[in-house]
Amino acid sequence: MSGRTATRGARPARTHTLAASVKAPRLKRVPRAAWICALVAFLNAACWSLVTYAFQAPDEPSHFAYVKQLAETGSLPTVGLEGLSSEELLTLDGLRSEEVREEPQNRAIVTQAEQSQLRRDLAAAQASKGRGSPGAGVAASEPPLYYAVEAIPYILARHASVLARLQLMRLTSALMAGLTALFVFMFVREVLPAAPPWAWTVAGLAIALTPLLGFMSGAVNPDSLLFAVSAAIFYALARAFRRGLDTAGAVTIGALLAIGFLTKVNFLGLVPGILVGLAVLAARAARVAGRSAYRTLALALAIGFSPGVIYVSVNALSQRPLFGLVSAAIQTVHGSPFAELNYIWQFYLPRLPGTVDDFPGLFMAQQLWFRGYVGLYGWFDTTFPAWVYSVALIPTGAVALLCGHALFQRRGVLRARAVELAVYASICVGLMALIAADSYHEFPALDAAYAQVRYLLPLLPLLGAALALAALGAGRRWGPIAGTVIVIVFLAHDLFSQLLVAARYYG
Amino acid sequence: MLRVRIALALGLGITVVAVAVVLSSSPPALLATNSVAESTGLSETGTRPFRICQGDERLPRGTDSIQASLEAYTGPRLTLTAYAAGRVVTSGELAAGWSGRAVPISVGTVRRTLSPVTVCLTATLVDEPLQVVGSATSAARAARGTLAQPIGGRIRLVYLGAGRASWLARARSVARNMEFGRAWSGAWIAPVLVLLMLVAASVASALVLSARE
Chain A
1 MSGRTATRGA RPARTHTLAA SVKAPRLKRV PRAAWICALV AFLNAACWSL VTYAFQAPDE
61 PSHFAYVKQL AETGSLPTVG LEGLSSEELL TLDGLRSEEV REEPQNRAIV TQAEQSQLRR
121 DLAAAQASKG RGSPGAGVAA SEPPLYYAVE AIPYILARHA SVLARLQLMR LTSALMAGLT
181 ALFVFMFVRE VLPAAPPWAW TVAGLAIALT PLLGFMSGAV NPDSLLFAVS AAIFYALARA
241 FRRGLDTAGA VTIGALLAIG FLTKVNFLGL VPGILVGLAV LAARAARVAG RSAYRTLALA
301 LAIGFSPGVI YVSVNALSQR PLFGLVSAAI QTVHGSPFAE LNYIWQFYLP RLPGTVDDFP
361 GLFMAQQLWF RGYVGLYGWF DTTFPAWVYS VALIPTGAVA LLCGHALFQR RGVLRARAVE
421 LAVYASICVG LMALIAADSY HEFPALDAAY AQVRYLLPLL PLLGAALALA ALGAGRRWGP
481 IAGTVIVIVF LAHDLFSQLL VAARYYG
Chain B
508 MLRVRIALAL GLGITVVAVA VVLSSSPPAL LATNSVAEST GLSETGTRPF RICQGDERLP
568 RGTDSIQASL EAYTGPRLTL TAYAAGRVVT SGELAAGWSG RAVPISVGTV RRTLSPVTVC
628 LTATLVDEPL QVVGSATSAA RAARGTLAQP IGGRIRLVYL GAGRASWLAR ARSVARNMEF
688 GRAWSGAWIA PVLVLLMLVA ASVASALVLS ARE
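Taken in sequence, the protein lines are chains A and B. Under the numbering used here, think of the first position of the first sequence as 1, with each following residue one higher. Under the numbering used here, think of the first position of the second sequence as 508, with each following residue one higher.
Just chain A, same shape as in the assembly:
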């Protein structure tokens, strides 16, 4: 008996050792440079979490409310309810949030009297009755995974003030920026395996220091998890394209698909491209492994779509629209398909001859997308002086030229990997089409409701690859210097962006 007990007791220990020995080499396979890039991204986002005034990031009050509801009641907020909890409203009042938001001349609270008032409001907020926040504004329609993760710091600090909980939640988001940079490094290492390691570092560091990533991941917003999941999927796909789709790879991609579905509705834009990638990988694997490759594909899809199936089943049983928010969007008929296609095209590119101009006087690529990338913080109310956006065209143009040169030099490799590139392009097109189609639902009342660069940050791995290529495009002699300059430019951009935000709220 004792022997059996001993054996029983020993088995888990051995399993644990085996698991550890399998996991340890995997983690050890992650280069030290990738971890350092992750650390830089985390530190950067942590800085942004301190420099951005409380609740002055896009939709942060709504996302906070979602976490509050989930953490305090265990249930999801109700779609369509706008009202926030009295605890949060009192805090927003104390912070003068409405006066500060979208009014760049209005600073954060800057006097002892205002701080004392805030303390009183915070005390009143903590004493206020009522649990949760049934309304969570625009966040209510989002899936719950990010909010469930954020519920951990929320619960840990449940006895502290709203602002303490917010800060801890922001730091949790900052960890996700670290994951994003890490996976971008790993993705670039997979797609440019012949490149010298410094090129991967350039990509990882530049992404780690991207101001918009820091800003969004220094706030409470599910975008931060979406960026990390998307970067992980790009990495998993690139790895599978290089080494073939095995069971572990399929399970990983399936699990990441499931995580993506549970993170943010925008993830749907990435899905068609990912599915194309999986299909291509399975077809390739089938040449060697036969039908078992398709079983691997089925496994990935089963894991990936399981949350979707559960969601649809729950909706069917509760007689709600099958696909929730997506059903409403699909059912909204708005103009002809050609008009919508025309709008989607012009959302990013100059209009084609003979088509209706949906954005008269606007060059979307430059005036909304490029300016949004260079600097548009807070509630889209914090901008650089106009000349900065013109100057920023110079390094951008240089990077584009160098990247183009590198691609031209590697045109033979590009041809050989055309299918893989087409998969990345289809992911890119899917996301861009989704954002534009969503905006079209608001058109013409609002011209470009969702023309916000943060929605494109799931494509950061492609930017990382482009930056690494740009450094390589400078040639063997000048490449390392070009890479260094790219990292410095991103660092300077980040630094000036933080100074801009600090000046706007505390100047």
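One should not assume that every hint holds.
Computed list of lysine to any residue pairs in SDA-like fashion (alpha-carbon distance at most 25 Å, straight line) [as the list claims (entries may be wrong)]:
1) A/Lys129 <-> B/Trp691
2) A/Lys28 <-> A/Gly244
3) A/Lys129 <-> A/Gln117
4) A/Lys28 <-> A/Leu175
5) A/Lys129 <-> B/Ala690
6) A/Lys28 <-> A/Arg242
7) A/Lys28 <-> A/Thr247
8) A/Lys129 <-> A/Glu82
9) A/Lys28 <-> B/Val710
10) A/Lys28 <-> B/Ser712
11) A/Lys129 <-> A/Asp93
12) A/Lys129 <-> A/Ala164
13) A/Lys28 <-> B/Ala713
14) A/Lys129 <-> A/Glu98
15) A/Lys129 <-> A/His159
16) A/Lys129 <-> A/Ser86
17) A/Lys129 <-> A/Ile152
18) A/Lys28 <-> B/Leu716
Partial pick of chain A residues on the chain B-facing surface, computed with a CB cut under 10 Å [claimed, not checked]:
19) Leu95
20) Glu102
21) Val162
22) Gln366
No lab work stands behind these hints: they were computed from the structure. All figures in this text were calculated on a predicted structure; none of them were measured in a lab. Note that CB positions come from ideal geometry on N, CA and C, so glycine has one too.
Starting from the known structure of chain A, arrange chain B on it as the hints suggest.
Quick look at chain B alone, frame taken from chain A:
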């Protein structure tokens, strides 16, 4: 390797100099407002070209930017022109694509205080209606729309110019302001922020160097 070190040192040096230059400049300061509260939406412009003019304004000396309370999600290109005694005294433009409800438009610096001044806002390519924000007044004092008809009130205008003290001179007050509105207030915020950024920059620089080895 040496060239990378030099590039890194040079790049960081230029960044430090650029930060110093920016910090030695003065932030924009609020010179005056026209004392109109943002209490109501006065009118919506529609999607046609418009021109709104508001008289009886006082343009302070040193004004280099005028902020008009207009609200849009994707705003059109705007032209602002200020007239005194029928002559243009300053003007400026704002590129299309702006967003928000308080639009600062850079104008040529005003050399001396002028009054009365008429401020006109013009947009020729309007695709998304704009909300004009201000306070209701009598028709006689109200701003005038494209066909010179009163729009129901006066628009809030804010006059901005270069401040006197540089950012560097104001560094302590900025650091002090950062203490407020936080979970854990204290003088530690600004130093910790600087320290975190320095650590991030140092780690990144060290990685740039080690990656070449």
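Taking the hints in turn, this is what the structure says about them:
Only pairs whose Cα atoms come within 25 Å are accepted, and A/Lys129 paired with B/Trp691 is accepted, the gap being roughly 24 Å. Distance hint between A/Lys28 and A/Gly244 is fulfilled; the C-alpha atoms sit about 21 Å from each other, no more than 25 Å. Pair hint A/Lys129 plus A/Gln117 holds up; C-alpha atoms about 20 Å apart against a cutoff of 25 Å. Annotation: proposed proximity of A/Lys28 to A/Leu175 holds, straight-line Cα distance about 20 Å (limit 25 Å).
For the proposed pair A/Lys129 and B/Ala690, the alpha carbon gap of about 21 Å is at most 25 Å, so the pair holds. Straight-line distance between C-alpha atoms of A/Lys28 and A/Arg242 comes to about 20 Å, which keeps the hinted pair within the 25 Å bound. Restraint check for A/Lys28 and A/Thr247: the C-alpha separation of about 21 Å stays at or below 25 Å, so the hint holds. For a cut-off of 25 Å, the pair hint linking A/Lys129 to A/Glu82 stands: about 19 Å separates their Cα positions.
Distance restraint check for A/Lys28 and B/Val710: the Cα-Cα separation of roughly 20 Å lies within the 25 Å cut-off, and the hinted pair is therefore satisfied. For the hint linking A/Lys28 to B/Ser712, the alpha-carbon distance of about 23 Å falls within 25 Å, and the restraint holds. For the proposed pair A/Lys129 and A/Asp93, the alpha carbon gap of about 17 Å is at most 25 Å, so the pair holds. For the given pair, A/Lys129 sits about 19 Å from A/Ala164 by alpha-carbon distance, which is consistent with the 25 Å threshold.
Taking the CA atoms of A/Lys28 and B/Ala713, the gap is about 21 Å. The hint holds against a cut of 25 Å. Taking the CA atoms of A/Lys129 and A/Glu98, the gap is about 23 Å. The hint holds against a cut of 25 Å. Pair hint A/Lys129 plus A/His159 holds up; C-alpha atoms about 14 Å apart against a cutoff of 25 Å. A C-alpha spacing of about 8 Å is found between A/Lys129 and A/Ser86, which places the hinted pair at or below 25 Å, so the restraint holds.
With a C-alpha separation of about 22 Å, the suggested pair A/Lys129 and A/Ile152 falls inside the 25 Å cut-off, and the hint holds. A hinted pair counts as satisfied when its Cα atoms are at most 25 Å apart, and A/Lys28 with B/Leu716 qualifies at roughly 22 Å. Among the interface hints, the one on A/Leu95 holds; its C-beta lies about 6 Å from the nearest C-beta in chain B, closer than the 10 Å criterion. A hinted interface residue such as A/Glu102 counts as satisfied when its beta carbon comes closer than 10 Å to some beta carbon of chain B; here the least separation is about 5 Å, so the hint holds.
A least Cβ separation of about 8 Å between A/Val162 and chain B falls short of the 10 Å threshold, and the interface hint therefore holds. A hinted interface residue such as A/Gln366 counts as satisfied when its beta carbon comes closer than 10 Å to some beta carbon of chain B; here the least separation is about 8 Å, so the hint holds.
Violated hints are absent here; each numbered hint is respected by the structure.
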